[in-house]
Amino acid sequence: MNYKSRFLMLLTVLILVPAIGAFADELTNEQIQGAFDAIWLVLCATLVFFMQAGFAMVETGLTRAKNAGNIIMKNLMDFSVGAIMYWAIGWALMYGTSVGTFIGGDSFFVSGDPGLMRDWFFQVVFAATAATIVSGAMAERTRFTSYLIYSIFISGIIYPISGHWIWQGDGWLTVLGFHDFAGSTVVHSVGGWAALAGAVVLGPRIGKYININGKVTTKAIMGHNLPLAALGVFILWFGWYGFNTGSTLSGTDISMAHVAVTTTLAASTSGILAMLTVWIFSGKPDVSMSLNGALAGLVGITAPCAVVSPGAAIIIGAVAGILVVLSVEFIDKVLHIDDPVGAVSVHGVCGIWGTLAVGIFGNLDAIGSGLTRGGQIGVQALGAAAVFVWAFGLALILFLIVKKTVGLRVTEKEELAGLDIDEHGTEAYAGFQIFQNM
Amino acid sequence: MNYKSRFLMLLTVLILVPAIGAFADELTNEQIQGAFDAIWLVLCATLVFFMQAGFAMVETGLTRAKNAGNIIMKNLMDFSVGAIMYWAIGWALMYGTSVGTFIGGDSFFVSGDPGLMRDWFFQVVFAATAATIVSGAMAERTRFTSYLIYSIFISGIIYPISGHWIWQGDGWLTVLGFHDFAGSTVVHSVGGWAALAGAVVLGPRIGKYININGKVTTKAIMGHNLPLAALGVFILWFGWYGFNTGSTLSGTDISMAHVAVTTTLAASTSGILAMLTVWIFSGKPDVSMSLNGALAGLVGITAPCAVVSPGAAIIIGAVAGILVVLSVEFIDKVLHIDDPVGAVSVHGVCGIWGTLAVGIFGNLDAIGSGLTRGGQIGVQALGAAAVFVWAFGLALILFLIVKKTVGLRVTEKEELAGLDIDEHGTEAYAGFQIFQNM
Amino acid sequence: MNYKSRFLMLLTVLILVPAIGAFADELTNEQIQGAFDAIWLVLCATLVFFMQAGFAMVETGLTRAKNAGNIIMKNLMDFSVGAIMYWAIGWALMYGTSVGTFIGGDSFFVSGDPGLMRDWFFQVVFAATAATIVSGAMAERTRFTSYLIYSIFISGIIYPISGHWIWQGDGWLTVLGFHDFAGSTVVHSVGGWAALAGAVVLGPRIGKYININGKVTTKAIMGHNLPLAALGVFILWFGWYGFNTGSTLSGTDISMAHVAVTTTLAASTSGILAMLTVWIFSGKPDVSMSLNGALAGLVGITAPCAVVSPGAAIIIGAVAGILVVLSVEFIDKVLHIDDPVGAVSVHGVCGIWGTLAVGIFGNLDAIGSGLTRGGQIGVQALGAAAVFVWAFGLALILFLIVKKTVGLRVTEKEELAGLDIDEHGTEAYAGFQIFQNM
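Chains as they are written, first to last, in my numbering: chain V, 355 to 792; chain Y, 355 to 792; chain R, 355 to 792.
Be aware that one or more of the hints could be misleading.
All copies of an identical chain are treated as equivalent in the list; a pair is satisfied when it fits inside any one copy or across any two copies.
[As the list claims (entries may be wrong)] Calculated pairs, DSS-like style, for lysine-lysine (alpha carbon to alpha carbon, straight line, at most 27 Å):
#: 1; residue 1: K757; residue 2: K638
#: 2; residue 1: K758; residue 2: K569
#: 3; residue 1: K638; residue 2: K767
Don't read these hints as lab results, they were simulated from the structure.
Build out the structure end to end from the sequences listed, making use of the hints.
Structure (structure tokens):
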């Protein structure tokens, strides 16, 4: 062997040794990618889980003390029942192999490798969010048992099927080019329209609308704990960073930072604009409307957060902030539908706005559907409409069946006394003196 | 040099240049692994820290308004005193070089490289959890000074030593094959049994048990703020994801996602089952029992979360949910031990259940102890029993000494007036009208 | 080609194939570093965002029920207005290209690549923290509109400019060797001194100081919800882990773990020492002072957290705990400046202490300024003084202008009735019976 060959062999050995080391001891590229994705999605899902506390505090704070225990129970059970249903059925209908682009058909009773576990965990907290939105609109008058029945259906059936259309690669809306990055439609509108159905079927709380000679007067029923409601909004905003940035679905997609920025700007602008709008209309910067304003901006930016600029995020937030005030007033004062926390306006109406905003402001290359701007707007409108028909329609049927069978609403006596006493045998604030007529 | 050799030299240079680059500028495998571990454990420990807020809110909410300030102080000091003790002594006794498999013997006053700092930070939040569990069982009647003395001992002595047996590689229970992934026994049972000792030595709150002609009647003393208690449960559940998933101890062990799923399913099932159990027994879906149900499932899944399937997690949660209700009733109505928040049942009893569940449902290969199923169950039972004897016994001695020396309980006058006034010179809810007899 | 050459060619091919694969499919070093940094900073910023909830709860809890709605609104708008201002102007003044080491001059209306988005998101939550500190000192008597004006200026002008001096590499204090790792001066002192200016210009709340024949008696005005205040402190502590550990600014700098440890130990010690100090002086372990003690330690360790040992962190915390109690008493009882939540003492005074502690206890090699210990202490003192002059001076001018123009304070009637009613047309606790004179 000549010196050149010896030299070359030495070189190859020098290279091979670390290369072999890499394949033996070192993290492979797949392991690195896997670790990024697992850490990112587990932590983001954990943040989204915490939104349950936010919903519970917002709804509790914006309603009356006598129903606070019932509201807590609904929120706790929304998640608990929802998680079991989404494990048994929901995941399969949403992410199972598509049957005709409409519904998933396998993977019931989810079990499998860490990648599947990671994806299920990230998705279950979204399903629970949709479920819990409805609670607020049905607060202070719904039978607890009947609420549990509804909760089973939204997490197990209603939410997963429309979710399949949009977030499963073979779903019919996906195929058309519909874009909903983190769920303005998939999660929030579904919750908002089911909430609308619930509020309509239930009817208003006693004393909410007073009909004197055909003229209906609307009475404001004030929430009993604004600091808790504010805490709830901060918790929701906090968790929303997990909701939106986690929807990159990849720990190495650094556009998560862009999403955090658009989310921040839209929520901030929306809170400010809701405050200014209500200030102009009513003369005062109302607290609960401003809080709802921040949530409206968060819902609005949820679909477009990854494909719009910071400047567009501010416009989206501004419109959401104005829209939520007008919508709350319209639903309450004109339609006379009693939605105690404004869930329909925040999640339903601003969910549609966010969905359309994808088409109006979105970077078409980033969306990647190949549609023109007009085409994209059209598909976004079609998707929003289809989900309205699906979620509102199915929830309406469900609530009507429940109403006719087990009954949807507590008795007048129970409602006046508060649901805590009759439904749960408790008081939320034992020891505090609370006005009897509240 | 012929063309072949030239070609080969060129090739080796082409390969060597990036290879040298890798060793100069790029992140080494060790740096990548280190960053994953640091990010993962620091963030998970931060989540576990937040559980302190959860414990504080649960305990405050489930007791009376007149003691709320005292409860906050106990929780704040549990962590603060606990952190200093675990820094000075606790870590050394738990993770120092083993002396006879029973106790650690070096590394007092922890200081060192980032790896040690990371591990200490992750462990100190667990130690503080064990300490704070006890507070609930001793609520509304314990002298603040005496509580501080106890707090020093549990974080500095009691918790670290039994922790050494199980989580230090040379501890005697580790050697036998005992498996407790995230601390059903190490953390929760230790806290639960110390809580039991405290409740026994203290005796019940005034008015809790009324003895008329030898027949004891149990009075329910209602908590003053269920929304805060519910918030506390959501915070605990949220932090528990850090507690259980972080116990992989490695940021590249993607089984963290599996742990998140089993944790979710067990807590959900347990909340539902506790609600159903109390509903069947008392006729109403009780709020505080359902909240405790969710916690019971979390405690139960803490030991087995990494080695059981989703289906087994549901069974473990279901049993925990039923068990916690029966245990609370038994301890209250039969044993007449006054545990205001149910800490003994949630953390002690369900801690044992979770420990046994490792043996019953755990994948033996994943546990890796080499034991048969019967053997594993036996070792799990042995460990749970040993920790009961240790934690209950030592805490009992400690509380009896405190009782005989500085005194463990406030005067009857102070207890009736509330601990906030005499112990801390404050009121928790200044301005609110609160019924005097509460 | 002889067998040796064939063998060598085979070897090179075997090496080249995976190497080419690495350059085609695998994550590059830059991608890995980018993912670590994005995940780390987005999650830490999210934690820091949540501190807004903490500030809101602390301020609400430590003041009276009749102003709770107003306090929430101030906190919500601090963040919302602050985010928009910091996007439009603040970031440019702070991190734009330096004009004479004093102020940044480009990058208005922030938009750009994910790296810029990440950095802006991490910085905006710090800006909002500085803004919200002021709210507490001005609580219960400030006109809402006037507060909004102030909020615009601190996030847009005051905070970014002094921030530029210290955190932009070309700022004059950076050049001198000033070290403030996570913002004892940059964030907390700026907020504290603006708070002082606000409290001075506003004057005390009605009934706070009673002047009888030249002798001023100080009245304690108790907070209405200590559990909420405690929750706020736990949330702040939780978020502070993002604040301090995130200030590594790099996801691969594992000294984040060291920062977590010094942060934990300082906060714990400070809470204990504040409790002991107030216990010695007043005879009782006061709740709100102990809570403020924990915050004082967090502020104190914020500047030096990365360059001091665990033992030094304990000393820094101990001094902060004693200092905050003395400062609160001095400002209240001697200076008769009414700071309802102790914001000036916690953030201003302990901010200076933390800044000086860098010079006193810091590892000079880790600081890396090349100064002697005496020189470092001198530069730290100079920076603290310069920021005092800047923030206090500018805020004083601003508040005086507002006072002379739109007016800074509500009317006596509004103040007595509570700001919620006149400013916002609401009550925070509808239905609860609250004593009229509170």
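Quiz item: Checking K757 and K638: alpha-carbon separation at most 27 Å within a copy, between copies, both or neither?
Solution: between (39 Å within a copy, 21 Å between copies)
Q.
If the cut is 27 Å between Cα atoms, do K758 and K569 qualify within a copy, between copies, both or neither?
A. neither (30 Å within a copy, 48 Å between copies)
key: K638 and K767: within-copy, between-copy, both or neither at 27 Å Cα   = between (35 Å within a copy, 17 Å between copies)
Hint compliance for this structure: hint 2 alone is broken.
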